[in-house]
Amino acid sequence: NYLLGVGRADCTGPVAEIPLMGYANLDQVGGGLLMRLYSRAFIVADIDDSRRVVFVSADIGMVSQRLRLEVLEKLKSKYGELYRHDNVILSGTHTHSGPGGYFQYTLFWITSKGLIRPSLNAIVNGIVKSIDIAHQNMKRGRLFINRGTVENSQINRSPFSYLENPASERSRYSSNTDKEMVMLKMVDGNGQELGLISWFAVHPVSMNNTNHLVNSDNVGYASYLFEQEKNKGMLPGEGSFVAAFASSNLGDVSPNTKGPFCVNTGESCNNPQSTCPMGGATMCMAMGPGSDMFDSTRIIGQNIYLKARELYEEASQEITGPISSAHQWVNMSDVSVELNATHKVKTCKPALGHSFAAGTIDGVGAFNFTQGSVEGDPFWDGIRDQLLGEPSNETKACHKPKPILFSTGEMTQPHPWHPDIVDVQIAAIGSLAIVAVPGEFTTMSGRRLREAVKREFDSHGTPRMDVVIAGLCNVYTHYITTYEEYQAQRYEAASTIYGPHTLSAYIQLYRRLARAIATNTVQDLPRGPEPPVFNIGNLTLVPPVTVDRTPVNKTFGDVLQEVRQQYRVGEVAEVTFVGANPRNSAENVTEHNFLTVERYTSTSDSWCVVQNDASWDTRFHWTKGLLGQSKVTIEWHIPSGTEPGVYRIRYFGHYMKKLSNSHSVSIPFEGTSSAFEITSL
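Residue numbers (our numbering): 1 to 681.
Treat the hints with care, as some may be off.
[Unchecked claim] Quick list of the computed label-pair ranges, beta carbon to beta carbon:
| # | residue 1 | residue 2 | range |
| --- | --- | --- | --- |
| 1 | Pro-639 | Ser-664 | 37 to 43 Å |
| 2 | Gln-413 | Lys-139 | 47 to 53 Å |
| 3 | Thr-320 | Thr-521 | 18 to 24 Å |
| 4 | Val-609 | Asn-553 | 54 to 60 Å |
| 5 | Pro-551 | Asp-617 | 26 to 32 Å |
| 6 | Cys-608 | Gln-302 | 23 to 29 Å |
| 7 | Arg-568 | Glu-313 | 32 to 38 Å |
| 8 | His-343 | Lys-624 | 55 to 61 Å |
| 9 | Thr-546 | Glu-670 | 19 to 25 Å |
| 10 | Glu-169 | Leu-541 | 42 to 48 Å |
If you're looking for bench data, these hints aren't it; they were derived computationally from the structure. If you're wondering where the values come from, they're calculated on a predicted model, not measured in any experiment. Glycine included, C-beta positions come from ideal geometry on N, C-alpha and C.
Please model the entire structure based on the sequences and the hints provided.
Laid out in structure tokens, this is it:
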């Protein structure tokens, strides 16, 4: 028996003009909303409340160091020493369709156009709020674990790198991806369902880099389906049941199961360089199982949800035993690793290889770099040397065979480009060990890490531990490949920033944490060097929010293009309004809803909300016009099962009005479509 608490809170942030985090494509900025982003928090405490652990899965690209430090600062001011570095795990789902701008290291600062306070604040506040809700709802309960295989939902996107691993090791596994889902079920003392956490390795990149609508991708859709099922009669985002679909060792795992094809010719480009005969690497893209990216998101999300539901219903193995957690900060650019009694190696200062710029088959790079390059390119190296300085001989030698594109560990202007100080952390709840990793471990890297941690527990008197990897935790350090995969220098290897022995270093560090937990000597672990906090100004390339204006003779919320009078299930109801910048809403109102779909009830002569902007079936598009004018188009993809009747769509916004040169206010307004009828087929 434990004390359990669950909580969910909105962390969407600004849905317009902010670069989306994941594909590093500066053209991919927010232009609306498909699904809201949530932080989901789970607290587990001993029955005497002597020890507790918090696990948070947030619908964001990854947890940044800045984000974690600010969350812990807020928790400390509220709760004192209750929630700390060692017992709070923050994990990102790795959606590539959430707002960026919450990083302090220069590389990410560049790809998301600066440190964007409203974006960072929304995530910090959402995470803290979800923990608050879980904290306030603690009650006695029980935990159950289950595991099973998810089919038809992933492929390895660097299969040629995977083949570099020893044949004897590969022969122990039936697949080049981890198909296993681990599911933790929570119920209270009366048997009432509280929630679940699922860990499964897949990239949430069913939505590709042409998408401009903020959303939580395939794993977010799985959460949506589970929560809608359990919170009956509630709108999306409401209700007490919380279902988190968290990331794991997804480094080389894509949901785009049709595999890579040349966009221009339709032929396969499943080759070591992921390149096409015409157009090179920029033409090689992987396709999902659906007719478009929305359909693929739905299919993969539904697969994951259905397996989780089955594991949830059948879960019978109860988790019991003590709670503990261990955490250290480590300077990852300077770890000595003992490979064996005679052989010592070291990690390197961070650096990115040429293939980093190639991107992957899920999102290609801009300049036709190819994956698998072990040679530099004199043209790009020359430009790099001029702009950013040449890598030192020491760093070049340390990273071999990686040809260095950006020697980020030697780039310190205006602030360091990459972290040196990294979190390693394990939380144990009875027989479950959650290994919180600061990046994207590949399939085989994850297998080696889990095995090493399990062996460490075994050899110190704690056998039969269930070891699960939680990905994208605490600080982002890109990818972690095996030493063998590193030699092939595809995207994941080029992005293994601390060099060829990164994985060996992590295995050594996590074994130390596991040993401390198993032998009850966590208090003797050194804290390690504290991470820095940089004083980053508000310099951003995001356009300032300007005064909103309307067309002549129109006001905000006026309908520009009306709905039809009649629709059938399966059709799309669409209406366009005179709009205003959605950032006015995000920065002034938390939990703002941009839209509702409402059904008319004749008996009470009133309108009842049936969908909101967090619904999968609604899409909110914002289009910026000239001179402060903008339009909002709302689509409702009418789902099967919708009751026939009379409906309307409403839009809620805020416009910015200037009162004086230094002072402006945002003023709420709304717009409503004409009523329309939905008929049965």
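Hint-by-hint comparison with the structure:
no. : hint                          : verdict
1   : Pro-639 / Ser-664: 37 to 43 Å : holds, 40 Å
2   : Gln-413 / Lys-139: 47 to 53 Å : holds, 52 Å
3   : Thr-320 / Thr-521: 18 to 24 Å : holds, 22 Å
4   : Val-609 / Asn-553: 54 to 60 Å : violated, 31 Å
5   : Pro-551 / Asp-617: 26 to 32 Å : holds, 30 Å
6   : Cys-608 / Gln-302: 23 to 29 Å : holds, 27 Å
7   : Arg-568 / Glu-313: 32 to 38 Å : holds, 34 Å
8   : His-343 / Lys-624: 55 to 61 Å : holds, 59 Å
9   : Thr-546 / Glu-670: 19 to 25 Å : holds, 22 Å
10  : Glu-169 / Leu-541: 42 to 48 Å : holds, 45 Å
Taken one by one, the earlier hints fail for this structure only at number 4.
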